[in-house]
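Protein chains in written order, with the working numbering: chain C, 70 to 428; chain Y, 12 to 132; chain X, 4 to 113.
Treat the hints with care, since some could be wrong.
Which stretches of chain Y does chain C cover? Using the computed rule of at least three CB atoms under 8 Å from a CB of chain C, they are [stated by the list, open to error]:
| # | segment |
| --- | --- |
| 1 | 30-39 |
| 2 | 49-63 |
| 3 | 76-84 |
No lab work stands behind these hints, which were simulated from the structure alone.
All residues carry an ideal CB built from backbone N, CA and C; glycine is no exception.
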Amino acid sequence: MTRQTIIPFGPQHPVLPEPIQLKLVLEDKKVVGAIPSIGYIHRGLEKLAQQKDYIQSIFLIERICGICSFLHSMAYCQGIEEMMNVEVPPRANNLRIIWAEMHRIHSHLLWMGLLADSFGFESLFMEIWRCRETVLDIMEETAGGRVMLGVCTVGGVRRDIPPELIKKVLATCDELQAHFDHFIPSILNDYSVKQRTVGVGVLTKEVALERGVVGPVARASGVVMDHRVAKYGAYANFDVEPQIEQDGDCYARSKVRVRELYQSLDLVRQSVATLPEGEFNIPVKGNPDGEVISRVEQPRGEVLYYLRGNGSKFLDRMRVRTPTFANLPGLLAMIPGCELSDVPVIILSIDPCISCTER
Amino acid sequence: MITNIIPVTLDTLLSKVGEIFLQKYRLITISCTDLGEYIDVLYHFDKNYEITNLRLRLERGQEVPSISSIYFSAVIVENEIQDLFGVPVKGLVLDYGGKMMLAEASPKAPQANCPAAAPAE
Amino acid sequence: MPPAYCLMPIMFTFVRTLFRNLSRKPATRTYPFTQREPFANFRGHLTIDPAVCIYCGICAKRCPANALVVAKSPKSWTLDPYKCILCSYCVEACPKKCMTMRPEHQRKDA
Ligand code: SF4
Ligand code: SF4
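Taking the hints into account, I'd like the entire structure generated from these sequences.
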C-alpha cells in the first residue's frame with residue numbers, strides 16, 4: 070500500500086492571489102483528494118449591507134470583488150430597479166454594457182497573465198498585463214476609477230461618456246485587438262504552454278452539470294450556459310453566442326476565455342454603434358419593497374443576488390452567490406489524479422476569486 | 012418579483028429536491044433569511060435560464076436536513092448557513108462543524124436575527 | 004473570433020514579441036519622478052471650499068464609509084482620508100456644491 074501524505078496548499082502560496090487553503094492528499098506525486106477550507110477573508114459584507122441604505126450599499130457591493138466590481142453593482146442595481154419598477158433609460162443600459170464588457174476584458178486579461186505566471190512564463194505575464202493597462206486607462210478616463218468604477222446607480226449610471234471619449238473607446242478597441250493578435254498565439258499554440266495545459270484538470274460534462282459549475286468552466290466542458298443569452302438589460306438588443314469547448318481541460322478553458330475576449334470587444338463596438346441619445350439617469354423615489362432575484366453573467370460565471378426589501382431604505386436581506394462559490398465543488402472534482410505540480414495551474418484555471426466567495 | 016416559488020415543509024423537502032434533481036435542474040444556491048419569528052430558507056434551482064425556488068419555513072431551534080447527499084454542491088453553502096445563522100444542518104457529507112467561516116474566537120451566528128438589528132446612527 | 008493565424012500551430016511564438024520589445028522604450032515610468040497627467044475625470048482626492056459650506060451635515064449622512072464628520076458649532080468639517088473610498092457620493096449630495104473631487108492623487112509631500 071502506498072503511503073498517503075496530506076500537505077496544506079495555501080493560504081499563502083506564490084500562485085494564489087488570495088488566501089484559500091486546500092488540504093491535498095498525496096500518494097507519491099499523485100494527488101488523490103482535496104479538501105478546501107475557506108473563511109480566511111470572510112468580511113461579513115452581507116450583514117454590513119443590511120446596515121447601509123440601499124444607495125450606499127452600491128458602493129459597498131462594488132467592493133465585494135476587486136476585479137469584476139462593476140458587474141456586481143450592475144446586478145444589484147438591476148435587482149433594486151426591478152423591485153421599485155424603475156425603467157432605466159436606454160442610453161444608460163448601453164453604457165452599462167460598455168463598462169461591463171470592458172470589465173470582462175480586463176478580468177480575462179488578468180486571469181491569462183496569472184495563468185502564464187502559474188506555469189512560470191513570466192515575460193508573457195508581463196506582456197498581457199501591459200495590454201491590460203490599456204483597458205484600465207480607458208476605464209479610468211471614462212468612469213473615474215481604474216477598477217472601482219462607481220458609475221452604476223439605481224436608475225441608470227452616474228456619468229455619461231461624451232462623444233470625444235466614445236471615439237477614444239473605439240480607438241482603444243482597435244488597439245486592444247492588435248495587442249490580442251500579438252500575444253494570443255503564445256497562449257494557444259506555444260509548445261511549452263500546451264504541455265502544461267492540455268489534458269490537465271479535466272472536468273467532464275456530466276460532472277460539470279452535477280456539480281453545478283458556471284461560466285467559462287462550465288462552457289469549456291461543453292455545457293451551454295451564458296446568462297447573457299437570457300437578455301437582461303441591453304443584452305436584449307444583441308445576440309450573444311455562448312463560446313463552447315468540449316474537452317474540459319485547462320487548455321479548453323483558456324480557449325473559451327480567448328474567444329470571449331474577442332466577443333467582448335465586439336459587444337463594446339456594437340453597444341457604441343447603437344448608443345441612443347438621451348438621458349442616462351432618472352431620479353428614483355421611494356424605497357424598495359418585496360423580494361427579487363437578479364442574475365448577471367460575470368467574467369467568472371453567473372452571479373445571483375437575492376434581495377428582500379421591507380419598504381424602508383434598509384434591506385432585510387442582501388444575499389449574493391458569486392461564481393467562484395459555485396465553481397469550488399467543480400474544482401474538487403478536477404484535482405484528484407493530477408500531479409502535485411499541476412495543482413497551481415488547475416486552481417488558476419477556474420479563475421478563483423476568493424474574496425467574492427467569502428464576502 | 013419572484014414568481015416561481017414552491018412551498019415545502021421539513022418532511023417533503025428531500026423528496027421534492029430529489030424530484031427536481033431527476034429533472035436535471037442545477038442547484039444555484041440556498042439563501043437563508045432570519046425574519047425574527049422564523050427563518051426563511053430558499054433553494055434556488057435553474058434549468059434553461061428559468062429559476063425555480065423551494066421555500067422552507069424553519070422555526071427557531073429546528074434542524075434542517077442536508078441536501079448535500081443529492082446535490083454535492085450544496086456542501087459549502089449549507090456549512091455557511093450553519094456557521095452564519097446558527098441553524099444546525101443534519102447529514103452533511105462534509106461537515107466543518109461550524110468552523111468553516113468562523114474561527115474559535117469569532118462571534119457566534121453573526122447573521123442571525125438580521126431585521127431586528129437597527130442601523131447604528 | 005481570433006483571426007485564423009492566431010490558431011495556426013507555431014513554435015517560438017514569443018520571439019516576435021521579444022524582438023519588438025527590444026527596440027521599444029519601457030512601458031513603465033519612473034514614478035514618482037515622472038508622472039502621467041491625471042485624467043480629468045479621475046477621482047483622486049476630495050477638497051472643500053469652507054467659505055461656501057453651510058455645515059448642514061448632509062454629506063456626512065450620505066457618506067457610505069463614515070469618513071466625514073460635520074459639526075455645526077463650532078463649525079467644523081473633517082475628512083478622514085484613510086476611510087474615504089473616493090466614491091464622490093458626497094459631492095453629488097451637497098446642496099451648496101462646495102466640494103470638489105480633484106483628479107490628482109493626494110500626496111504626503113504636496
Ligand atoms: S453637504 Fe455641503 S454644505 Fe452641507 S456640510 Fe457637507 S460640504 Fe457643507
Ligand atoms: S467621497 Fe465617498 S467616501 Fe469619501 S467622503 Fe465623500 S461620500 Fe465619503
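Quick rundown of the hints versus the structure:
1. 30-39: holds (count 4)
2. 49-63: holds (count 4)
3. 76-84: holds (count 3)
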